[in-house]
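Put together the whole structure using the sequences plus the hints.
So you can see what is in the structure, the chains are spelled out below.
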Amino acid sequence: MATKTEFSNFLKKTELRAYKQALFAVRNEQDALDIVQDAMMKLTRKYNDKPVEELPLLFQKILQNTIHDHYRHQKTQLFLTTHFSSFTSYQKRNENDLHDYDYLEAVPMPDNLDFGRNPDSALEQTQIINIIEKALETLPSRQREAFLLRYWEGMDVNETSIVMGCSEGSVKTHCFRAVTALASILQERGIRL
Amino acid sequence: MNDEELTGKKIAKLLNHSLNEIDQDTTEKLKAARKTALEKLGSSESIIHSGKNILERRGFYWLKNITLTFLSMIILFLIWNGYTSKINHENANSAITNGYIQTDDPIEDIFPDDE
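Chains as they are written, first to last, in the UniProt record's numbering: chain Y, 1 to 193; chain X, 1 to 115.
Mixed in with the good hints there might be a few duds.
Claimed, not checked - Covered, in the sense of this in silico footprint (three residues per stretch, anywhere, with C-beta under 8 Å from a C-beta of chain X), are these stretches of chain Y:
1. 32-44
2. 74-81
3. 150-164
4. 172-184
Think of the hints as simulated: they come from the structure by calculation, not from any bench. By construction, the Cβ of each residue, glycine as well, lies at the ideal position given by its N, Cα and C atoms.
This is how it looks when you write it as C-alpha cells:
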C-alpha cells in the first residue's frame with residue numbers, strides 16, 4: 001500500500017504530463033485542469049490501498065477515462081446548443097476565426113534543430129513545439145492517445161493496450177499511423193527529425 | 001528499434017521541452033489540485049475544481065441547496081395561495097347566486113290568487 005509521501009511524489013512527477021495530455025485532448029486549459037484534478041481525486045480516494053508500482057498504470061487509465069467522460073459530456077452539450085449557435089452573427093463568427101489564427105504557423109522553420117541557449121534557438125524551439133502540439137491536436141483521439149502513452153509516457157505495448165482497453169495489435173496500428181502522420185506534418189513544415 | 005519507434009521517441013523528446021513552457025499560474029493550480037487530492041486521501045468528500053468551476057463553487061456550494069429549498073417553498077406557497085383564493089372566489093360566487101335566488105323568489109303579491 002502506497003504511503004501519502006509516495007502518492008505525493010508520484011503526483012508531483014506526473015501532474016505536468018497529465019495536464020499536457022488532457023490539454024492535447026480537450027484543447028482548453030480550464031477543462032484540462034479540471035480533468036487532471038478529477039483524475040487525482042479518483043486515484044487518491046478510490047485506490048489508496050494500491051501499491052506504488054501500480055499507480056502509473058492506474059492513473060493513466062483514470063485520466064483517459066476522465067477525458068472520455070469529458071468528450072461524452074461535450075457531445076451532449078453540443079447536441080443541445082447546436083441549434084442556438086446558428087443565431088450567432090456572421091461578423092462575430094468571422095472575429096472568432098481571426099482569433100484562432102496562429103501567427104507562429106506562418107513562420108518558416110530552419111533545417112537544423114540543435115537548440116542552444118541563445119534567444120533565437122529558444123524561439124525556434126518554441127515554434128517547433130507549437131507545430132508538434134498543433135499536429136498532435138489534429139490526430140484522431142485514439143491515435144494521439146496511443147502515441148502519448150507509448151512514446152511520451154514510455155509504456156510498452158501491453159501496458160498501453162491495458163490503458164486503452166484494446167488489443168496489442170490495435171495499439172501498434174494506432175502508433176504506426178500516429179507517427180507516420182506526425183512525421184509527414186513535420187516534414188511538410190520543413191522540420192527534419 | 002525500428003524507424004517508427006525512433007521517430008516516435010524523437011518527437012516525444014521534443015515534446016518534453018513543452019513541459020518547461022507551462023506558465024506559473026497553471027503549475028500553481030496543479031500544485032493546489034495535488035494538495036487537495038492528498039488531503040482527501042481515502043475520504044469521499046465532494047470535489048471543488050481548480051479550473052473554471054472554482055469560480056462557480058468557491059466554497060459556497062452549500063448555498064445552492066438552501067436557495068433551492070427556499071425557491072421550492074415559495075413555489076409551494078404560491079400554488080397553495082392560488083388554490084385557496086380560487087376556492088374562496090367560488091364560495092363567494094355561490095353565495096351571491098344564492099342571494100339572487102333568494103331575492104328573485106316571486107313575491108306573493110304579484111300572483112294574486114283571487115284574480
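Quick rundown of the hints versus the structure:
no.	hint	verdict
1	32-44	holds (count 10)
2	74-81	violated (count 0)
3	150-164	holds (count 3)
4	172-184	holds (count 7)
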